[in-house]
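Residue numbers (the working numbering), protein chains in the order written: chain B, 2 to 445; chain L, 2 to 445.
FYI, nobody ran anything at the bench for these hints, they're computed from the structure.
Possibly wrong hints are sitting among the right ones.
The list cannot tell twin chains apart, which means a pair is met if one copy fits it or any two copies do.
Okay, derived cross-link-like pairs now, BS3-like style, lysine-lysine, Cα gap no bigger than 30 Å in a straight line [stated by the list, open to error]:
id, residue 1, residue 2
1, K366, K348
2, K212, K202
3, K283, K293
4, K288, K144
5, K142, K283
6, K288, K64
Bear in mind that the values here come from a model prediction, so they are computed numbers and not experimental data.
In case you want the letters, here they are:
There are 2 protein chains.
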Amino acid sequence: MKSSEVLQKDTSSKAVQVTSRRDFFRKTAIYSAGALSAASVLSPVSAKADDPAIINEAPWGTKLGDPVDKNLYGMPSPYEHNNIRRTHDLLSSGDAYASISMCPIHESEGIITPNGLFFTRNHGGTAHVDPNEFRLMIHGKVKREVVLTLEDLKRYPSETRTYFIECPANGSPEWRGPQFNSLQFMKGMMSAAQWTGVMLKTILDDIGLEKDAVWMLAEGSDNASNPRTIPVEKALEDVMVVWAQNGEALRAEQGYPVRLVVPGWEGNLNTKWLKRLEFSNKPWHSKEETSKYTMLQKSGKAIRYFWVNEVNSVITSPCPEKPWTHLKKGDMVEIEGLAWTGHGTIKGVDISFDGGDNWVEAKLKGLVLPKSWTRFSYIYKWDGKPLLLASRAYDDFGNVQPTIDEETKAVGVESVYHRNAIVTWEITEKGECNNVQIRKHKKA
Amino acid sequence: MKSSEVLQKDTSSKAVQVTSRRDFFRKTAIYSAGALSAASVLSPVSAKADDPAIINEAPWGTKLGDPVDKNLYGMPSPYEHNNIRRTHDLLSSGDAYASISMCPIHESEGIITPNGLFFTRNHGGTAHVDPNEFRLMIHGKVKREVVLTLEDLKRYPSETRTYFIECPANGSPEWRGPQFNSLQFMKGMMSAAQWTGVMLKTILDDIGLEKDAVWMLAEGSDNASNPRTIPVEKALEDVMVVWAQNGEALRAEQGYPVRLVVPGWEGNLNTKWLKRLEFSNKPWHSKEETSKYTMLQKSGKAIRYFWVNEVNSVITSPCPEKPWTHLKKGDMVEIEGLAWTGHGTIKGVDISFDGGDNWVEAKLKGLVLPKSWTRFSYIYKWDGKPLLLASRAYDDFGNVQPTIDEETKAVGVESVYHRNAIVTWEITEKGECNNVQIRKHKKA
Chain B
2 MKSSEVLQKD
12 TSSKAVQVTS
22 RRDFFRKTAI
32 YSAGALSAAS
42 VLSPVSAKAD
52 DPAIINEAPW
62 GTKLGDPVDK
72 NLYGMPSPYE
82 HNNIRRTHDL
92 LSSGDAYASI
102 SMCPIHESEG
112 IITPNGLFFT
122 RNHGGTAHVD
132 PNEFRLMIHG
142 KVKREVVLTL
152 EDLKRYPSET
162 RTYFIECPAN
172 GSPEWRGPQF
182 NSLQFMKGMM
192 SAAQWTGVML
202 KTILDDIGLE
212 KDAVWMLAEG
222 SDNASNPRTI
232 PVEKALEDVM
242 VVWAQNGEAL
252 RAEQGYPVRL
262 VVPGWEGNLN
272 TKWLKRLEFS
282 NKPWHSKEET
292 SKYTMLQKSG
302 KAIRYFWVNE
312 VNSVITSPCP
322 EKPWTHLKKG
332 DMVEIEGLAW
342 TGHGTIKGVD
352 ISFDGGDNWV
362 EAKLKGLVLP
372 KSWTRFSYIY
382 KWDGKPLLLA
392 SRAYDDFGNV
402 QPTIDEETKA
412 VGVESVYHRN
422 AIVTWEITEK
432 GECNNVQIRK
442 HKKA
Chain L
2 MKSSEVLQKD
12 TSSKAVQVTS
22 RRDFFRKTAI
32 YSAGALSAAS
42 VLSPVSAKAD
52 DPAIINEAPW
62 GTKLGDPVDK
72 NLYGMPSPYE
82 HNNIRRTHDL
92 LSSGDAYASI
102 SMCPIHESEG
112 IITPNGLFFT
122 RNHGGTAHVD
132 PNEFRLMIHG
142 KVKREVVLTL
152 EDLKRYPSET
162 RTYFIECPAN
172 GSPEWRGPQF
182 NSLQFMKGMM
192 SAAQWTGVML
202 KTILDDIGLE
212 KDAVWMLAEG
222 SDNASNPRTI
232 PVEKALEDVM
242 VVWAQNGEAL
252 RAEQGYPVRL
262 VVPGWEGNLN
272 TKWLKRLEFS
282 NKPWHSKEET
292 SKYTMLQKSG
302 KAIRYFWVNE
312 VNSVITSPCP
322 EKPWTHLKKG
332 DMVEIEGLAW
342 TGHGTIKGVD
352 ISFDGGDNWV
362 EAKLKGLVLP
372 KSWTRFSYIY
382 KWDGKPLLLA
392 SRAYDDFGNV
402 QPTIDEETKA
412 VGVESVYHRN
422 AIVTWEITEK
432 GECNNVQIRK
442 HKKA
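Start from the sequences and build out the full structure, keeping to the hints where you can.
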């Protein structure tokens, strides 16, 4: 049972030799910011030897902290008060109910978003559903129509999978011209999580589908209900009926107690506060899919049932909120970003320093999962000169991000949806980071 | 750019055909709880046709919900108010400062814990460190001693990895006899997360280690400081200097702004509020590793530097907090649990229904990552008879969980640490779930 790595020793009374930080600076002369900077590879040291933060005793080092019962459900450090979702009048329907709240993806790390920061998009506000009154009706072209309680639903074998959810309007602030010099407002209509629930296929295998069941309607129990049509082929592929997110129950604003997760497809299909699934041989053409979530074209005609979120990427560090103003010429820095595709799996990401004339391959890092956020990274020595920094992702279905010009040529500027053109940041000599479209529009 | 899955259609004015749930029950006679139950495979339906939750309009279906600006940093649904960390006088040192707060692992889903529920163990309360005053001193037997600010630290290339952290006293309520009939209190001194930071090896490669640097001291900036000795071999293997947890900054109670993560090893080595790393050719024998985190043996001698959390597992559903009282004879149900090992990766989990006489192999599900929580599952048809339900995990280093008798024989009952014996639940005919040790002790 015991590890081979274990050292076996008797306890003894040897005194602890702990050098205090104060002593360290008094006794040694080796610490010199200048000397260290010259020798540094990746770690220029900005702390000075007379830095009060090193020399002085901090209050948290001398006094007791919070007792444990203050943390029964923990909250972020008060120092992180700026790391919140944000909304903007330009992005809502004139009120705070039919609105969107953008994820601070410039502060995101790894490939999931904490539940408190997951972006929200509601058509009629955040519903508070009593889980005891939750009922899921499954009917229409099924062999056995059922109404499931939450307890019934949780008796099915569960699965946990990591997927992003993205509003098809993500990036829309850029579509007719730039509106924001902010990553959060440009691309924050998405987040990612570990979802736990039952595969819809498991339920449908249990109750049986009629042969001509080719369409499914998903409807919420909130006042907006947002009925949406989904092909049965997708329902059987990877759609989940979900009750937990990142290890705990769904939050109210994410559809508590139960939502659909429709991996890689438009966020509005991921029905929150789920109430009803109906199966049919014809699509429903609901209001939301005839008047709203369509793709208006130059011709004046609209593409309906446009589901998949395209291959996409954006550099998150640097970004307008996280510039390089603290860097000096010659400093090494990690360029990092997020890539995602609703089709399958990210295969690679290229980075350009000159606005797209030349490209180098970035490294994918951490877990690379289908229909999930994928992190990319490039270690770079900045020579202090201005850059036009861009990323271009491609997936295992052969999809590649277009330039803004290619995108505009292909789909026009009539629809706000499904914009996945390459995003370019302008890095100035001072290390500032700006949405390059703003600079272009100012010049024009 | 566009998907082959896209249907292209013009928008039309076909009316939406949405059957209301009220209509559904009025028009159809197919819904009968009895008939459905008899036909059901996995989904007995507990909702009745006259169920008010189906027939009546719910307030959330007729009124606007919360506006978006109420959710800038979201909180769990008020219906989930019982899903919190809990502490107990038996588990603290007489106050709420040197104490532990247990994770509600009976409510956990998937393989990570949300930050608000991650277990906490503090020696002097939760410190609130000003990130602007954070300084990390790295000194001793290194080629270039440095003091890093948070900005310096974040310039290193980051990595994100999923690891559990477990207090070596996890399971200790069982060691001399059962104290709790509760999974949270028996095994909740652990949690798991996606950690983002820099590999310590990256920093050490940058600043250089002296050849005879074989031990590292890690020290926190809180009043308890908790100095602990870690072998350099481990520091170079997979130790991380971490600033983010599950996609956002560390919480104060997890060491904000920076902690160590020492994958698979005792939780107390994962130094929170990190201040100092010193390298030496000798271990420090600090107070915490001579007086406290040692493994007292029958002989009266103690094992010091006992780091690795053993291979372990527990069935989380059912458990005392999640019994089978809602199940009927013949119902199918998913038995689910968590397995983990500090050595490497979980290779398999067996399940016994008769207290360990016979075993069947469970399925590992979802991501199976080294030094991470791993979920196991077994679909079971319960005949309504009493069971003695147990799980037994094994890892890729050949470690297997012992029985309580084997464990007691091997290490005695003098130490509260590193208990990894098989946990057995007693399932009664009514579907109640109890810690079997309590039953045994009552009989004895």
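Hints and how they fare:
no.	hint	result
1	K366 x K348	both (12 Å within a copy, 25 Å between copies)
2	K212 x K202	within (15 Å within a copy, 58 Å between copies)
3	K283 x K293	within (20 Å within a copy, 69 Å between copies)
4	K288 x K144	within (28 Å within a copy, 68 Å between copies)
5	K142 x K283	within (11 Å within a copy, 73 Å between copies)
6	K288 x K64	between (60 Å within a copy, 19 Å between copies)
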